[in-house]
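Peer 1: Chains as they are written, first to last, in my numbering: chain S, 800 to 1224; chain B, 53 to 153.
Read the hints as simulated data drawn from the structure, not as lab findings.
All values derive from a computational prediction rather than experimental measurement.
Hints may be right or wrong, so weigh each one.
[What the hints assert, rightly or not] Simulated crosslink set (DSS-like; lysine-lysine; CA at most 25 Å straight-line):
1) Lys1016/S / Lys961/S
2) Lys100/B / Lys886/S
3) Lys1035/S / Lys1172/S
4) Lys1172/S / Lys100/B
5) Lys1016/S / Lys1088/S
6) Lys1188/S / Lys971/S
7) Lys1158/S / Lys1012/S
8) Lys134/B / Lys100/B
9) Lys1188/S / Lys134/B
10) Lys1158/S / Lys1172/S
11) Lys1030/S / Lys1172/S
12) Lys1016/S / Lys1172/S
13) Lys134/B / Lys1030/S
14) Lys134/B / Lys1158/S
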Amino acid sequence: MSVTRRQFIKWTGASVAIAGASGCASVSGRKTVGRVVVIGAGYGGATAAKYIRMWSPDIEVTLVEREAEFISCPLSNRVLGGVWELKELTRDYGRLSARHGVRLVRDEAVAVDPVAREVRLRSGATLEYDRLVVSPGVDLLYDEIPGLAEPSARDRVLHAWKAGPQTVALRKQLEAMRNGGVYAITVPRSPYRCPPGPYERACQIAFYFKMHKPRSKVLILDANDDVQSKKALFTKAWAERYPGIVEYRPLSTLVDVDVATLTAKLDFEDVRADVLNVVPPQRAGTIAKDAGLITANGRWCEVDFLTYESLAVRNIHVLGDSVMAAPQMPKSGHMANQHGKVCAAAIIALLHGEAPNGKPMVTNTCYSFVSDKDVVHVASVHAYDASQKTMVVVPGASGVSSSANELEGEYAESWGRNIWDDMLG
Amino acid sequence: MGARAILLALMSLGIVSSPALAAEDLEARGWAATCTGCHGTNGRSTGKIPSIAGRPQSDIVRLMREFRDGSRAATVMHQHAKGYSDDQVERIAAFFAAQKP
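Chain B extracted, bound-state conformation (with noise of 0.2 Å):
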């Protein structure tokens, strides 16, 4: 097993992650791909609804959090956030923070 298996193991089990990995996960991408309708292919949004590529994954994880435990106002976030678990949230935080703004 290379190194490359050995740290895309470990990103698996939510022991290492990294932005520079995560366009290899491929899950991620998939379940990221539920957020574009509304944020604009791979997070690039053109209006009202922020845009998401490129913006640091603790950041967009935070976000989620409050989203999820209501401290944060949303319109419709807060329904979605839910809808996701922790692993879930970083991954797709982490492939977010590795597209292009």
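If we strip away everything but chain S, and leave its shape as in the complex, we get (with noise of 0.2 Å):
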């Protein structure tokens, strides 16, 4: 993404600001008890920066994020659908600097050094810390799909796994498809980001062909043995709504692309497609692994789900899609902000020289669009379990809709503005 002049202002801007920020608080004689360095300016680090801030002014933090500009993944397949476009899943980082003294750097963090606690960015700049929280999302396993190994190819088969320019080149290969055409999406075994996103992203899709191209038809190969998330209600709304155009087949394993033909080669089967979305198999992002954060199964940070404390690496915390979850913990948005806020409170405690609150709690809340208006929801309620140290579901404490409908659409848009707010506003 090209930096424009507007967005280089904003955060040069920005780091003016901080600079009379922090004269302020030396003016007041209040004393800095800590420096945190957030990476990654997601659902997770995002909050978590605010929220230290919010909480304890006297901890300095800096955030660390290379993109300009904030991207919503959760309800992008919206813009997929041709229901909304990609500015209204698209938020400033601004606020946290002017309203909460966080200090942005707009850079990539690209190796960590846990014993003299700095972190290198990409610029050559060294950021030193007392704690490091590391939220850098999922990276996408290509090695593992040989036809994709180019970057040009990847130009042609998109995942659009992370919002952005991709969300928008797939739209435009949905509207530049034929009537009568197959889009296609592969969905990687579990866990992977987003459990419901594929599902709704065919809902988006086959309401798009419904409306548009009628004779087109919506693929779903599933890597799965079955729908991993709001089954019943997946399943409903392909039956009832988009008859004929949503198929869904499971234990459909993607071995290899062949990116000329568009075919997606299966373990049994060779599928073609007019468009091909391949959601590749995923991990913690690439500087958890080189800061050796990853410790679970090659791919995912065990932490201490009281403080976010990798178990592998001292003062250095993990949030989001990069933790190795806990029991039914999905790889969500609304998740990552919820480990923020347990993160921010116990870095703060732990900086002060107090315990963390052992009895912390997360929510999750994910609603999936299945038309331009009806949504369904999967919600759940976890404690910490002390005895098995880890977050459990509170018995009674979960489910789903009850069916599809608009009232939840209206919440589901609301969500979006007060959890955009809540991690930058």
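Take each chain as given, in its own frame, and dock them per the hints.
Peer 2: Listed below in structure tokens is the structure:
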């Protein structure tokens, strides 16, 4: 993503504001109790940065993010359905500095030295920390798909699993597709980012086809043995709203892709598509791997759920999709927001020499649009279980919508505005 | 032990609850933050999801009880309400009651 002049001014302006803010702090004589560096300004990292500053202004927080603006993955399937544009999912980071005194650094973290407690940035600069928060999201494992090894191949066969230019490009492919064509999406084995995401995407694209290209098909090629989230609600939506459009095929593991013919090579058959959308297998972001934080299956980072501190490296906390999740804890933006707050409170306690809360709670609410207006949710409340040292769903405190409905469509839009404000505002 | 410490001790035992003191209840502040992904920071919402900042503690407690026992219709709150104990709901409600609407 190129940097516009406006964005450049915004980001440099932010660091000037910080210099001013820290000047005030020293004039008032308030002592800084510690320095926190946060890598990644998504649902996890931005929330942690804001909440540390909001709850404890005596801690310095530096937030490192390589993108100029925040673009939400949750709700981004609506762009593919033609209901929303990317700008409705886009927010700037300015209030984190102006209102909360977070120091924003537009750069990429490329190395962590846990002994010197230092983060090295792409620009060559280094940042020292007392506590480091790593919230890089997922990296996509293209090395498992030989046909997509070349970056040019990935411009043709998109993932659109990180909202942004890929989302817009996939929408353009769908617009250019002939009526009667086939859109196929491959779903990796769980766990992956956003369990209901592939199925919501199928609904959104089927909604678009039904309106504009009714002879077209949506084919879901799922490596898993069944729909991974809200199964009854999605299955009902496909059967009743999009009959003859959506087809679901379980146990369809992608082995390779032939980009020239847009063919998904599965373990037992080849499937040709007009628009092929491959959601690759995933692991914790590269900086988590390089920092030695990945401890589970070569993919995910185990943490202490009281603090989100890595089980492998002291003074480094991991949030969001990169975390080796507790049972029934989805890799969702909402969950990352919750991790961010528990972690913020724990870091504040630790830097003040106090014990973190021994009974943290987190919740999840994921809304999926099955049409332009109708929505289904899955929700859960998780409490810390000291004997198992993990988060467990409180008995009875989970469930899904009784049926798709428009009221929850309004709640879903309100959810977006509120959670983006909760992390950035 | 000062009067404030005694009050806080009584609060933590659930004997006394006071919105004015709730801001000191860091455990409850953390639990309340589980609500604010949907209801907005400190309970201030925009759009269809109701704001809960500044609502009387007794109202929030009553609504949560009605969500939990099913006497109030809900889309998602009947599921969330079952996740918290009575003590937690009291203290979370005290936190939101003490916030500026």
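Peer 1: None of the hints should be skipped; say for each whether it holds.
Peer 2: Hints, verified against the model:
1. At most 25 Å may separate the alpha-carbon atoms for a hinted pair to count; Lys1016/S and Lys961/S meet this at roughly 24 Å.
2. For a cut-off of 25 Å, the pair hint linking Lys100/B to Lys886/S stands: about 21 Å separates their Cα positions.
3. Between the alpha carbons of Lys1035/S and Lys1172/S the distance comes to roughly 16 Å, so the proposed pair stays at or under 25 Å and holds.
4. For the hint linking Lys1172/S to Lys100/B, the alpha-carbon distance of about 14 Å falls within 25 Å, and the restraint holds.
5. Between Lys1016/S and Lys1088/S the CA atoms are separated by roughly 39 Å; this puts the pair beyond 25 Å, and the hint is violated.
6. For the proposed pair Lys1188/S and Lys971/S, the alpha carbon gap of about 47 Å is over 25 Å, so the pair is violated.
7. With a C-alpha separation of about 52 Å, the suggested pairing of Lys1158/S with Lys1012/S is violated against the 25 Å cut-off.
8. For the given pair, Lys134/B sits about 22 Å from Lys100/B by alpha-carbon distance, which is consistent with the 25 Å threshold.
9. Simply put, Lys1188/S and Lys134/B have alpha-carbon atoms about 22 Å apart, close enough for the 25 Å limit, and the pair holds.
10. In summary, the hint linking Lys1158/S to Lys1172/S is not supported, as the alpha carbons are separated by about 38 Å, beyond the 25 Å threshold.
11. Annotation: proposed proximity of Lys1030/S to Lys1172/S holds, straight-line Cα distance about 19 Å (limit 25 Å).
12. Taken as a hint, the Lys1016/S and Lys1172/S pair is honoured in the structure, with Cα atoms around 21 Å apart against an allowance of 25 Å.
13. At most 25 Å may separate the alpha-carbon atoms for a hinted pair to count; Lys134/B and Lys1030/S meet this at roughly 23 Å.
14. At roughly 16 Å between alpha-carbon atoms, Lys134/B and Lys1158/S fall within 25 Å of each other, so this suggested pair holds.
The structure fails hints 5, 6, 7 and 10 (numbered hints given earlier, in ascending order).
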